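Asks: Taking the hints into account, I'd like the entire structure generated from these sequences.
In case you want the letters, here they are:
2 protein chains.
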Amino acid sequence: MLAVTILGNNSAVPAFDRHPTSQIVSLNNDNFMVDCGEGTQIQLINYKIRRSKISRIFISHLHGDHYFGLIGLINSFSLLGRKQDLHVYGPAPLQQLIELQLKVADNHMSFDIHFHTIRNEGILVDDEQCTVKCFRTNHRIECYGFSFAEKPAPRKLLIDKVQALQVPHSFYASLKAGKDYITPDNTVIPNAVLTADPPAPKSYAFCADTKYDESLLPHIAGFDMIYHETTYLDHLRDLAQFRFHSTTRQAATIAQKAGVKKLLMGHFSSKYDTLDEFETEAREVFPNSHLALEGVCYRVL
Amino acid sequence: MLAVTILGNNSAVPAFDRHPTSQIVSLNNDNFMVDCGEGTQIQLINYKIRRSKISRIFISHLHGDHYFGLIGLINSFSLLGRKQDLHVYGPAPLQQLIELQLKVADNHMSFDIHFHTIRNEGILVDDEQCTVKCFRTNHRIECYGFSFAEKPAPRKLLIDKVQALQVPHSFYASLKAGKDYITPDNTVIPNAVLTADPPAPKSYAFCADTKYDESLLPHIAGFDMIYHETTYLDHLRDLAQFRFHSTTRQAATIAQKAGVKKLLMGHFSSKYDTLDEFETEAREVFPNSHLALEGVCYRVL
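The listed protein sequences correspond, in order, to chains A and B.
FYI, the numbering for the first sequence is 1023 to 1323, going by the working numbering.
FYI, the numbering for the second sequence is 1023 to 1323, going by the working numbering.
Be careful, since some hints might not be right.
Same chains, same names: a pair is fine if it fits in one copy or spans any two.
What the hints assert, rightly or not - Straight-line C-alpha distance at most 25 Å; calculated PhoX-like pairs for lysine-lysine:
(1) Lys1070 - Lys1293
(2) Lys1293 - Lys1105
(3) Lys1070 - Lys1105
(4) Lys1155 - Lys1233
(5) Lys1105 - Lys1075
(6) Lys1224 - Lys1201
(7) Lys1233 - Lys1279
(8) Lys1283 - Lys1155
(9) Lys1233 - Lys1293
(10) Lys1075 - Lys1293
(11) Lys1173 - Lys1198
(12) Lys1284 - Lys1155
(13) Lys1173 - Lys1284
These aren't lab readings, by the way, just hints derived from the structure by calculation.
Predicted model only: the values in this text are computed from it and were never measured.
Replies: This is the structure in C-alpha cells:
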C-alpha cells in the first residue's frame, strides 16, 4: 500500500490557511516525510498522523518553506520521548544547521538521528519494501526530487490448487518467490499454475521545486503518480522561468511526456486565493491532474 | 499606550491549539516582538497584526520554543518586500544561526537586519518613547527577561489658563517640558498653574523562562504588569525546580514581592488541557493574576 498525505501545499509565505510544503508518503507500516516547512508538526497534530511512525525524512532543498519546520519536529520528537532512530536525508549543510541548533539548546536527545547528506543522484534507501531514489531538479539552488518504488510483492498462492497437489508447507515461500514445484514423482508444476500475479508494485515521485525540465522524465517515466509543483498559472510562464518554478501546463506536459498515470499539483503561489483554475488548465494537457489538497490522503492505484 | 498581545502561551511542544511563546509589545505606533516560537508568523496572520509594524524582535534564549519561528518570519518579511530595518536582540549564536540559514537559501534580502548580541544585563533601547532593558533569569541555559518602560509624556497644557495669560505659542513646548512661565512684566507663573500631570508612564516586564529567583525583583519592582512563566501547577514544584521552571504560586509570589499591579501567566506545560486551576492557585497568593490567553491584547493600565 502506497499513499501520500498532503500537509502543506503552498509556496514560500503561508496564506489562505495553506501551509508550506510537506507530505507524508506511507508505505505499508512506515511513514516517510518529504519536506518539512514551518508548522508541519502542527499539521501532523491537525491531521492525526502518528509522529512515531515517521522513520525517515527527506528534505529536497534548503529554501525555508521546505525545511524550517524540521528542527521543531525533531525537538518535539525528543521532548515526547521518542526512542527509535530517525534518518534524515538532505543537501549540505542541513546536518550542520540542525546540529548547531540542538547544541545551543543543550538538550539531551531521547533518540539517535542519522544524517545522510545528499550530494548526487542515486539510491537513498533500498530494503525489502521499497527503493527510494533522489534526482536533481532544476531550481535556483541545489534541489532534489525523490522517487518511491515498492518492491514486487510475493506471488499469491492459489490455495485450492496448492492443496489439491499436496505441495508441502515448507515449499510455500518458494512458490511465492516464483519457483516451479517438482512433485515426488518428478513432474514439474509450473509456478503459474499454483500462483497468481501479486498486485503490481506502485510508484510515486515527488518532483520538488523545479522549472520545466525534461531531464526529469527518465526518473519518473511510467510512474503511477507524481507530484509536480505548479507555483503559477500558465499566464505567468515567464515569471516561473525566471524564478525556477513551473506552471500548470508545464507540470501537465511533464506528466504527459513521462507517461504517468496521475498528477498531483502543489506549491501554489500566495497570489492565488482560489485554485480551481489550476485543475482546469492542467487538465487541458493531462486530464488526470489534481490539486494536492491539505489533509487529503491520495492512495496510489 | 502600552499593551501586550499574546501570540503563544504554551511551553515546548504545541498542544491543545496552544502555541509556543511569542508576544507583541505595542508602544504607541511601534510593535516589538518578544520571542518567536514556531508558527508565530501564522499567529500574526490569525490575529491580524501588521507585520510591517514590527521594528524590533527580542529573543530571550535559544530553546526552540522561543525562537524557531524567527527565521521563517524574517524570510517572509523579505518575500513580502519589507523595506524598513529590523533590529534583532538575542544571545549568541542567534546571529550565526539566522545568517547561515539566509546564506544557504541564497536569497536577496529586501531589508537590513541589525543583530544585537546580548551578553550582559543592561539597556537595549533608549529613545524618546521608551527604555528597554534586559536582565538575567535563572534558566538551564543563558536566558534574559526584558523590561519595557515608557518615557514620561509631556505635561498637559491647561489651554484655558494658558490663553487667559496670553502665553505665546512659542513657549508651549517649554510648558510641556515643565518650565515656569515669566510674563513680560516679570511675574513668574508656576508651571503647575498652566499644566496638569500627564498620564503616568507605564511599565511591563517579560520574565522569560526561569525558576523561582528573587534576584528578578529589582528589575521589575513596582511595574504595572509583568509576565512570569507558570509552566506547572504548584504540586509539581520539585519538577519545576529541576527543569528551571516555575509554578503558579512561585510566579504569584514574585509578583507580590515585587509589588507589581498585575501578573500574566503563561508557558503552560502540555500536560494541562484546561487552565482554570492556574488562576485559582496564583490568586491565592496574588489576586490580580491572569492567564495570558492567545489572541488577547492586555493593555497596561
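Asks: Determine for every hint whether it applies to the structure shown.
Replies: For each hint, the structure was consulted:
{"no.": "1", "hint": "Lys1070 - Lys1293", "verdict": "between (29 Å within a copy, 18 Å between copies)"}
{"no.": "2", "hint": "Lys1293 - Lys1105", "verdict": "between (42 Å within a copy, 20 Å between copies)"}
{"no.": "3", "hint": "Lys1070 - Lys1105", "verdict": "within (20 Å within a copy, 40 Å between copies)"}
{"no.": "4", "hint": "Lys1155 - Lys1233", "verdict": "within (20 Å within a copy, 48 Å between copies)"}
{"no.": "5", "hint": "Lys1105 - Lys1075", "verdict": "within (11 Å within a copy, 43 Å between copies)"}
{"no.": "6", "hint": "Lys1224 - Lys1201", "verdict": "within (23 Å within a copy, 84 Å between copies)"}
{"no.": "7", "hint": "Lys1233 - Lys1279", "verdict": "within (15 Å within a copy, 62 Å between copies)"}
{"no.": "8", "hint": "Lys1283 - Lys1155", "verdict": "within (19 Å within a copy, 61 Å between copies)"}
{"no.": "9", "hint": "Lys1233 - Lys1293", "verdict": "within (18 Å within a copy, 46 Å between copies)"}
{"no.": "10", "hint": "Lys1075 - Lys1293", "verdict": "between (35 Å within a copy, 22 Å between copies)"}
{"no.": "11", "hint": "Lys1173 - Lys1198", "verdict": "within (14 Å within a copy, 82 Å between copies)"}
{"no.": "12", "hint": "Lys1284 - Lys1155", "verdict": "within (19 Å within a copy, 58 Å between copies)"}
{"no.": "13", "hint": "Lys1173 - Lys1284", "verdict": "within (20 Å within a copy, 63 Å between copies)"}
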